[in-house]
Amino acid sequence: MSTVTGVSATDDPPGPDGRTPLRGVSASTGRLGDRLFGGAATVSGVIVIATVTLIAVFLIVQAVPALRDNQASFFTSREWAPGGDTPRFGIVEFLWTTVAASTMAMIIAVPFGVAVALFLTQYAPLWMRGPAAALVDLLAAVPSIVYGLWGLITFAPFFKPIQGWLENTLGWIPLFSPTGISGGTILFIGLVLSIMVLPIVTALSREVFAQTPLAHKEGALALGATRWEMIRTAVLPFGRPGVISAAMLALGRALGETIAVTFLVSSLPDGAAWTWSLFNGGETFASKIANNAAEFSNPNKTGAYIAAGLVLFVLTFIVNSIARIVIERRKAFTE
Amino acid sequence: MSALKTDQRVPEDENMTGDSPTSPPPSNRSGNEALREMSNPHRGRAIKDLIARIAMWVSFFVAMVPLAWILWTVVSKGIHLLLSATWWTGNQRNINSSDVGGGARHAIEGTLMMAGVTALIAVPIGILTAVYLVEYGRGGLARAISFMVDILSGVPSIVAALFIYAVWVTTFGLDRSGFAAALALVLLMIPVIVRSTEEMLKLVPNELREAAYALGVPKWVTIVKIVLRTAFSGIVTGVLLGLARIMGETAPLLILAPYTKNFQHDLFNGNFPTLPMMINQDRGDFALASAAARMWGTALTLILLVLLLNIIGRVIAHFGSVKK
Chain V
1 MSTVTGVSAT
11 DDPPGPDGRT
21 PLRGVSASTG
31 RLGDRLFGGA
41 ATVSGVIVIA
51 TVTLIAVFLI
61 VQAVPALRDN
71 QASFFTSREW
81 APGGDTPRFG
91 IVEFLWTTVA
101 ASTMAMIIAV
111 PFGVAVALFL
121 TQYAPLWMRG
131 PAAALVDLLA
141 AVPSIVYGLW
151 GLITFAPFFK
161 PIQGWLENTL
171 GWIPLFSPTG
181 ISGGTILFIG
191 LVLSIMVLPI
201 VTALSREVFA
211 QTPLAHKEGA
221 LALGATRWEM
231 IRTAVLPFGR
241 PGVISAAMLA
251 LGRALGETIA
261 VTFLVSSLPD
271 GAAWTWSLFN
281 GGETFASKIA
291 NNAAEFSNPN
301 KTGAYIAAGL
311 VLFVLTFIVN
321 SIARIVIERR
331 KAFTE
Chain F
336 MSALKTDQRV
346 PEDENMTGDS
356 PTSPPPSNRS
366 GNEALREMSN
376 PHRGRAIKDL
386 IARIAMWVSF
396 FVAMVPLAWI
406 LWTVVSKGIH
416 LLLSATWWTG
426 NQRNINSSDV
436 GGGARHAIEG
446 TLMMAGVTAL
456 IAVPIGILTA
466 VYLVEYGRGG
476 LARAISFMVD
486 ILSGVPSIVA
496 ALFIYAVWVT
506 TFGLDRSGFA
516 AALALVLLMI
526 PVIVRSTEEM
536 LKLVPNELRE
546 AAYALGVPKW
556 VTIVKIVLRT
566 AFSGIVTGVL
576 LGLARIMGET
586 APLLILAPYT
596 KNFQHDLFNG
606 NFPTLPMMIN
616 QDRGDFALAS
626 AAARMWGTAL
636 TLILLVLLLN
646 IIGRVIAHFG
656 SVKK
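Sequences listed follow chains V and F, in order. Residue numbering for the first sequence follows my numbering, starting at 1 and increasing by one per position. Residue numbering for the second sequence follows my numbering, starting at 336 and increasing by one per position.
Hints were generated in silico from the structure; no laboratory data involved. Bear in mind the structure is a predicted one, so any value in this text is a computation, not a measurement. Check the hints yourself; a few may be wrong.
Listed next, the stretches of chain F that the computed footprint assigns to chain V, with coverage defined by at least 3 CB atoms under 8 Å from CB atoms of chain V [claimed, not checked]:
1. 521-534
2. 632-645
Derived contacts from chain V toward chain F, CB cut-off under 7 Å, selection only [said to hold, decoys possible]:
3. Arg31
4. Val48
5. Val52
6. Ala56
7. Gly83
8. Thr226
9. Gly256
10. Ala293
Ideal Cβ positions, reconstructed from N, Cα and C, are used throughout, including at glycine.
Please model the complete structure; the sequences and the hints are all you need to start from.
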């Protein structure tokens, strides 16, 4: 299923032989049924456009009053006290935690995901490819709340000594300085996120790797390349745009992942000292909103959370648009 | 020229590296040096190849470790609750965190009901949008729709939930309810349906459409009776996979549909029981063995439900796929 590749019929003529179907206008004879059905299809499409537009509009409209009342700088303040007469809130901490944890997830998931995709398309014996791919898909079918439970209860105690060892060995690097927090650190959240997005990276990369022209691969092998050299010179260059867009889509998923992160985060006490350490706790956008869903009592308070949600929306919008542009460019080259 | 085999191979090797064939054969001594230079990189290539091969195999099995670990944890800790009849018939009414067992039927029914309502709204919109993209749209509007579907598929579930909250609760002043959560799930399900249906419609051979047109069949009848019917099994698969995705979503429920321990079939009034929220309920007390067991049992039930939909979807896809 290539639902996530973003390949669309609009720029890809249907039919195995590449013929385009009759164009909408010329095929229709203006029958009532045609007009109704075509109209319904158009309306559905317009609903989709309207929905996305409305998401942006509603979030902006409801965030603006809260932002106007905000006494602190929204983008640089570390405070979060949205209630009361003088609300003060800023998102810089959520931004750091979200981006740092997602980046960790990417650093782990992209090489692993690509390696698994290469395994599934180039290395695994033929009998193994189907079942192995199904297992990877199964990883994607596990609901994120289960990842949260598993991370919280089973994986966290297991990871604790590993974190201790890292702190002892690499603690002199600011990024790994000990903070006294165990469990829901940025590093740990990134690790769990990487497991969750790995199937996305693998599924898309597998799709493009499998499309590598046989002539390229055979050409490389005929020139005496080893299998690894064949992959490096034929498969990887061909699949690079696909891998980049897969990574972007996975990043979008990691940025917005809510419930698993909500289970795992250790929220920091007010006024905790700022640190760049990956062993620090801290909330992400999504977990902050989810953890405080019960607090949506007055419009200003809600507005502050909606403003945080808006930033998350913009973040994922940018990341997904980049993925889309990379895919478009790849199509322009291959067709 | 010496008779040593190794020396004879030298010019060949040099040719392979791109040296001009007319270059004079190297002397004995420089030939040996060249050979040494050549053979080392060759061994390096073989080693690199071997390392890459091992790395790929190891990566795959490492990636399988979390899957096996998660499934083992959930099954081993949750299976015993699922073996009792009460689990499938009762609810959690008057059962506190410290009480053992109880039923999950209220949450199972709630999750299925919510998924059903979500599908009722999302499936027609999704399929019609895909029909527009494949059968009608060729211009800027189609491009815009396609782009927006991509954006929608990237919208985090928490943002979809916030949007519905902003509309449903803040703007219209309605109460939080199961239906509001279903609306948020609709936003998450539409892009899945559009993309999978689109793929399936593109697989329908053009000859079928053209044959219908040639017989004077109106375009809309062609689409409904020929294109959609041919792609039917694929579309059903897409719907089931979409359902499987939204059933496990928790963020919209957290914000829009508070949990209840009772049976509840009213999506519009009051709290609504769902499996993810039941997990969330017991998560607060997972230090208690009873709550922890119930939590894992609920998680296992949810996984089984999602897995069942996935398997049914794939079976339908396997046996009813469009013949190319």
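Here is how each hint holds up against the structure:
Counting residues of the stretch 521-534 of chain F whose C-beta sits closer than 8 Å to any C-beta of chain V gives 9, which meets the bar of three, so the coverage hint holds. Using a Cβ-Cβ cut-off of 8 Å, 6 residues of the stretch 632-645 of chain F lie near chain V, which meets the minimum of three, so the contact claim holds. This hint holds: Arg31 (chain V) has a C-beta 5 Å from the nearest C-beta of chain F, less than the 7 Å allowed. Interface restraint check: Val48 (chain V) against chain F, minimum CB-CB distance 5 Å, threshold 7 Å, status holds.
At a threshold of 7 Å, the smallest CB-CB gap from Val52 (chain V) to chain F is about 5 Å, leaving the interface hint in force. Taken as an interface hint, Ala56 (chain V) does not check out: its beta carbon lies about 9 Å from the nearest beta carbon of chain F, beyond 7 Å. Look at Gly83 (chain V): its Cβ only gets to about 16 Å from chain F, farther than 7 Å, so that hint breaks. Of the supplied interface hints, the one on Thr226 (chain V) holds, with its beta-carbon coming within about 4 Å of a beta-carbon of chain F, less than 7 Å.
Evaluation of the Gly256 (chain V) hint against chain F yields a held restraint, the C-beta minimum of about 2 Å falling below 7 Å. At its closest, the beta carbon of Ala293 (chain V) sits 4 Å from a beta carbon of chain F; the interface hint therefore holds under the 7 Å criterion.
In summary, the structure is inconsistent with hints 6, 7 from the numbered list given earlier, while agreeing with the others.
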